[in-house]
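4 protein chains.
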Amino acid sequence: MPEMMKAAIFVEPGRIVLDDKPVPDVGPNDALVRITTTTICGTDVHILKGEYPVEKGLTVGHEPVGVIEKLGGNVEGYEEGQRVIAGAICPSGHSNACLDGLAAQDGQSQAHGLKPMGGWRFGNTIDGTQAEYVLVPDAMANLAPVPDGLTDEQVLMCPDIMSTGFAGAEAANIKIGDTVAVFAQGPIGLCATAGAKLKGATTIFAVESVPERMKMAVAMGADAVIDFSKSDPVEEIMRLTDGRGVDASIEALGLQSTFEGSLRVLKPGGTMSSLGVYSGDLTIPLAAFNAGLGDNKIVTSLCPGGKERMRRLMNVIASGRVDLNPMVTHRYGLDRIEDAYDLFANQRDGVMKVAITP
Amino acid sequence: MPEMMKAAIFVEPGRIVLDDKPVPDVGPNDALVRITTTTICGTDVHILKGEYPVEKGLTVGHEPVGVIEKLGGNVEGYEEGQRVIAGAICPSGHSNACLDGLAAQDGQSQAHGLKPMGGWRFGNTIDGTQAEYVLVPDAMANLAPVPDGLTDEQVLMCPDIMSTGFAGAEAANIKIGDTVAVFAQGPIGLCATAGAKLKGATTIFAVESVPERMKMAVAMGADAVIDFSKSDPVEEIMRLTDGRGVDASIEALGLQSTFEGSLRVLKPGGTMSSLGVYSGDLTIPLAAFNAGLGDNKIVTSLCPGGKERMRRLMNVIASGRVDLNPMVTHRYGLDRIEDAYDLFANQRDGVMKVAITP
Amino acid sequence: MPEMMKAAIFVEPGRIVLDDKPVPDVGPNDALVRITTTTICGTDVHILKGEYPVEKGLTVGHEPVGVIEKLGGNVEGYEEGQRVIAGAICPSGHSNACLDGLAAQDGQSQAHGLKPMGGWRFGNTIDGTQAEYVLVPDAMANLAPVPDGLTDEQVLMCPDIMSTGFAGAEAANIKIGDTVAVFAQGPIGLCATAGAKLKGATTIFAVESVPERMKMAVAMGADAVIDFSKSDPVEEIMRLTDGRGVDASIEALGLQSTFEGSLRVLKPGGTMSSLGVYSGDLTIPLAAFNAGLGDNKIVTSLCPGGKERMRRLMNVIASGRVDLNPMVTHRYGLDRIEDAYDLFANQRDGVMKVAITP
Amino acid sequence: MPEMMKAAIFVEPGRIVLDDKPVPDVGPNDALVRITTTTICGTDVHILKGEYPVEKGLTVGHEPVGVIEKLGGNVEGYEEGQRVIAGAICPSGHSNACLDGLAAQDGQSQAHGLKPMGGWRFGNTIDGTQAEYVLVPDAMANLAPVPDGLTDEQVLMCPDIMSTGFAGAEAANIKIGDTVAVFAQGPIGLCATAGAKLKGATTIFAVESVPERMKMAVAMGADAVIDFSKSDPVEEIMRLTDGRGVDASIEALGLQSTFEGSLRVLKPGGTMSSLGVYSGDLTIPLAAFNAGLGDNKIVTSLCPGGKERMRRLMNVIASGRVDLNPMVTHRYGLDRIEDAYDLFANQRDGVMKVAITP
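Protein chains in written order, with our numbering: chain A, 1 to 358; chain B, 1 to 358; chain C, 1 to 358; chain D, 1 to 358.
Just so you know, these hints were derived from the structure itself, not from any lab.
As the structure is a computational prediction, the values presented were derived from the model and not from experiment.
Among these hints, one or two may not hold up.
Within a straight-line C-alpha distance of at most 30 Å, the following computed DSS-like cross-link-like pairs (lysine-lysine) qualify [stated by the list, open to error]:
#1 175(A) - 175(B)
#2 175(A) - 175(C)
#3 215(C) - 230(C)
#4 56(C) - 21(C)
#5 215(C) - 175(C)
#6 175(A) - 215(C)
#7 215(D) - 175(B)
#8 6(D) - 70(D)
Model the full structure from these sequences, guided by the hints.
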């Protein structure tokens with residue numbers, strides 16, 4: 001094991017650069033993982049642009065696929081050399097929030113308390129995965145062995161995109177035979193579409209305007225794709241449901257327009273499941289909220305993490321029920337990660353997800 | 001049975017008057033109930049003021065306690081002369097919404113569809129209860145016999161106030177040992193407080209400033225009452241919870257300030273249960289929503305109706321677990337209902353609920 | 001409309017015969033449906049054999065596909081000539097059980113009470129569907145229009161087999177990524193397998209020994225089929241799960257062996273969903289029950305009915321997510337129904353389901 | 001801190017004796033707690049009698065109240081000298097079961113698997129609490145600070161009896177206005193009664209024959225107590241519910257008769273929540289199970305543990321909603337624990353719970 005490694009580091013708004021950093025020491029409950037594949041997330045772009053604040057000098061990235069290089073002294077049940085992933089959210093397992101079923105909102109060392117997004121540590125409060133090595137905290141709660149026969153790229157979406165998108169479908173309270181609308185078909189929206197199908201929705205409307213994403217939406221299970229650049233998606237969905245509205249809607253972008261649209265297409269009694277990261281106050285139009293009398297639910301979800309979640313998601317991939325591999329549209333070595341950011345931040349060349357290999 | 005009866009009729013905004021109307025004919029699935037006690041609801045005041053539109057000439061009121069005068073030809077399982085109540089919301093039982101567990105959003109004759117508040121008929125789409133007689137539609141789904149030993153006033157809150165307030169507590173996903181905040185302690189908020197206690201909350205913060213209501217809040221189960229005229233309730237609740245926030249909050253007024261306060265005191269992972277009838281667009285401040293990443297829920301509830309709901313609520317009263325009788329602060333004959341509206345609409349004399357007896 | 005019709009009538013144990021009966025009169029809440037296709041269920045065979053008691057002279061059968069011939073005076077929202085189905089279970093919509101979310105256990109005219117299976121009326125407490133016409137009670141709660149483009153045979157399973165099998169999967173609390181075992185792959189077990197896949201199970205073990213059913217199980221979504229005539233299914237499932245057991249199991253036959261096997265393969269914390277109709281006392285072995293300390297659930301389900309359930313199930317068929325048509329292995333005219341009973345009761349010729357057309 | 005301590009040790013069936021043992025070493029994730037109060041549980045009596053096997057030489061007991069003596073090197077958020085309790089069940093927090101919401105069934109070091117009762121470690125797989133000191137594993141998941149103002153005896157039930165009894169009520173799916181039957185009113189049954197009240201049950205039938213327990217049942221919330229030595233409790237409950245049966249029943253003893261009674265009083269659609277530790281196979285009578293067609297649930301629960309559960313239960317005590325102190329009927333020093341076992345195992349002198357103080 002070398003003493004130094006390459007890592008993509010947040011320097012200042014507008015600059016994430018590849019630089020040298022020491023390979024971290026391994027504490028008793030940690031594991032050091034040698035990254036074999038990682039990726040760039042929309043959240044990393046927010047960090048790059050300075051829209052989401054992290055400390056200068058932090059290694060970014062939160063989607064690790066790799067090999068266990070070294071285990072802490074208390075870590076049992078794993079072997080060095082084992083292929084593993086870990087979720088973008090790394091619950092400690094021992095916080096009140098974790099023990100109360102809210103692992104993503106892990107408050108960690110706070111005696112009783114919670115902190116929003118407390119479970120998100122990689123590339124947020126500790127060094128992340130866009131590096132040659134990453135230190136996984138609370139390793140026994142977070143390391144999930146990759147089943148034989150699955151490639152790095154097949155499981156690359158599990159840590160974040162797939163877990164988030166599926167969470168959106170799970171929180172939407174979908175019943176067999178439901179009609180569901182998914183607003184936006186970026187990587188998370190596409191996973192929400194796949195998740196809605198997996199939960200029993202039988203009519204799925206996907207709202208999108210980028211041709212490649214519209215096509216991918218159908219592959220993920222959309223029964224109809226509505227191009228919002230050509231017609232108003234709310235009117236279109238109300239027309240397609242004979243004025244009934246949808247049983248559930250999923251917001252997967254983080255804008256007022258998608259938030260509002262998701263509410264407006266909802267039947268009385270329906271659930272709106274919100275996945276987007278918003279960047280300003282939101283308005284709930286009175287009519288879209290039925291004046292508070294519609295028996296509606298608005299539910300937000302942060303990406304569930306932990307090794308059990310990862311195990312389940314890899315089960316889905318291994319079963320062949322869902323194939324997310326086609327979302328990996330571009331591949332870069334870690335040494336070219338700055339180019340990858342440039343491509344991904346500017347959404348050029350039909351990019352969906354970029355595989356980064358150290 | 002006389003041919004004509006007295007009824008409180010919506011004439012135009014600003015005017016509800018007592019006038020003569022024919023006693024209605026009884027269809028095969030209906031029951032005619034002779035009202036013995038009814039009451040005025042905040043919603044009736046909205047109607048009076050023209051803020052909620054109903055057809056001119058409609059009898060208002062939606063909280064009936066009475067005696068079965070005449071049963072339709074198909075109605076079985078009841079007897080004329082039986083004491084009954086019916087919910088403010090009268091589900092048909094046979095709509096898709098009803099059969100899908102959304103009885104309050106009953107779409108009735110629409111083939112597949114729903115209409116917000118479709119289940120609310122008395123004093124909204126059909127003649128209401130502030131009259132000598134009321135026609136109860138779909139009687140077999142709606143008539144609930146009053147257990148012997150309960151007075152009219154004891155069950156007077158069941159049709160609306162108690163059902164709504166309890167629904168707010170039920171929708172808040174309260175677990176044993178939870179901390180809950182209830183914003184506003186009008187009749188519905190007081191019932192939400194009682195409901196939160198009945199669901200296992202062990203610390204209940206009630207927010208109110210009217211002394212009589214603050215006192216009543218304690219009787220209903222509040223562990224601490226915060227006078228919002230003296231200190232900021234959000235700051236106060238965060239202080240009292242050591243910055244942790246509450247597991248669930250209940251909004252019981254329908255203003256931006258109570259909506260927003262209910263969100264701001266919520267822990268990550270917590271549920272905000274909204275009961276208020278809003279009269280304009282709402283704003284969700286970014287921080288109060290944790291940017292969409294807090295695993296929060298916003299849930300709205302319309303008063304559940306139907307005879308089974310009424311049976312359960314009367315069980316609560318009969319068991320002595322909750323006593324709502326002290327909420328009846330004033331009593332009027334039906335002939336003086338215009339005075340009762342004047343008192344209630346202007347919230348004079350510490351009025352909470354008014355019993356009206358034809 | 002003729003005055004007399006042909007109907008399959010229970011005469012005495014061992015004898016169901018085709019005979020003449022008057023076409024029934026239509027009450028105000030009823031609809032008369034002209035049957036175009038119906039089928040024979042395992043329960044009908046129990047009736048034939050005298051194992052389940054019904055009144056002599058009753059028309060049997062509970063799975064109607066047909067055309068509305070005549071509507072009762074109070075029935076709105078339908079037209080004569082419309083193609084419809086109705087569930088095997090016909091909830092009234094107005095019982096306490098219905099209003100409490102337990103429509104299948106409809107207690108109907110009982111004031112407060114429930115009666116097990118109270119919602120099952122066709123061919124049980126009222127004349128059934130193996131006839132030229134059937135009277136559908138509480139028509140507005142039960143008639144579900146068949147979407148254009150679906151054939152009779154495509155929707156023939158919706159009233160019972162599909163609704164029951166799917167209910168087994170729904171009650172099993174299946175989460176995305178779960179491993180599920182389904183014991184027995186008769187028509188209901190096959191639908192349970194399809195339902196488990198539709199709810200997100202990613203590894204499904206089907207237990208069966210009849211070759212046609214084993215093959216069909218794979219078509220419905222089974223990932224592995226275990227021939228219980230060749231190896232012990234409990235041992236096999238524990239081996240395939242590395243001793244972990246399954247997250248959920250579904251019992252679809254009604255024998256001690258399948259009940260017990262379903263418990264024995266269950267992980268601590270897992271749910272056993274029971275669909276079978278048992279004919280004797282059951283034994284729970286101490287170890288299979290973890291001495292009562294395994295956080296396990298045993299859940300039983302009766303076929304959900306009502307028009308909303310039928311609408312959802314037809315959605316599933318229309319979406320192409322599941323194709324149950326291959327289960328219809330034999331076809332008979334109503335005039336040859338006695339032959340059909342002979343074939344089906346003796347399970348000859350690889351019969352799964354028989355379509356009966358008047 | 002001394003090197004040796006007194007501990008109650010399982011020697012062989014029939015013999016638990018007080019003897020000397022080394023005070024244990026403290027690993028990095030452990031905490032050493034000096035016991036100030038503990039108690040004897042029915043399970044300990046099973047161990048004493050050899051009915052539940054544990055290793056010879058093990059310290060028994062699983063209900064600790066004490067003071068932190070020494071913290072492991074990785075344990076943060078606590079201070080030595082702090083008053084704490086820990087649950088009878090000590091989840092690791094990092095097992096797949098824990099991360100899947102099944103902490104009591106913690107499989108610990110098994111890669112994917114579960115072991116029934118895997119979370120129960122004190123006095124089962126590791127040394128227990130009937131000693132001067134106990135080592136709490138995974139301390140950050142398990143140590144719960146005792147709020148100021150609560151005595152040892154007030155929180156003595158939290159680790160097991162209260163957590164188990166309340167779990168029985170929580171698993172019973174109790175809705176506001178429900179009727180609930182609780183079979184047996186030993187300490188766990190009494191807590192189940194208190195829990196049922198706290199969840200909104202408005203009619204609670206308690207079944208018991210010991211006068212002190214019958215009286216205590218009323219104090220805990222029972223509306224009627226049925227002496228099974230004087231009348232058949234099933235007949236009595238069916239009579240009291242007008243043949244309707246109960247919405248939920250709770251079994252709190254572990255016998256065929258209470259198991260069966262709990263099923264027989266259940267309405268169609270009702271839930272039977274089982275808490276007892278059974279010692280043999282169980283029989284489900286066909287009629288009590290509605291032949292599998294009653295939409296019934298049988299749910300078993302193991303005592304939930306972990307610091308968040310303890311925090312919530314201590315909230316209940318602190319709020320004054322429930323007072324369990326009267327259950328402590330006898331007090332002994334640790335040096336007289338053999339006498340305490342003799343009293344408790346033979347249920348003499350109206351004993352309910354015994355406080356043991358080192």
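Now for the hints, and whether the structure bears them out:
Only pairs whose Cα atoms come within 30 Å are accepted, and residue 175(A) paired with residue 175(B) is accepted, the gap being roughly 25 Å. Between residue 175(A) and residue 175(C) the alpha-carbon distance is near 12 Å, which keeps this suggested pair within the 30 Å criterion. Proximity of residue 215(C) to residue 230(C) is assessed by CA-CA distance (about 16 Å); at most 30 Å being required, the pair is judged to hold. Annotation: proposed proximity of residue 56(C) to residue 21(C) holds, straight-line Cα distance about 13 Å (limit 30 Å).
In summary, the hint linking residue 215(C) to residue 175(C) is supported, as the alpha carbons are separated by about 25 Å, within the 30 Å threshold. Of the supplied pair hints, the one linking residue 175(A) and residue 215(C) holds, its CA atoms being roughly 28 Å apart against a limit of 30 Å. Taking the CA atoms of residue 215(D) and residue 175(B), the gap is near 28 Å; set against the 30 Å cutoff, the hint holds. At roughly 18 Å between alpha-carbon atoms, residue 6(D) and residue 70(D) fall within 30 Å of each other, so this suggested pair holds.
Figure legend: structure checked against the earlier numbered hints; every hint is met.
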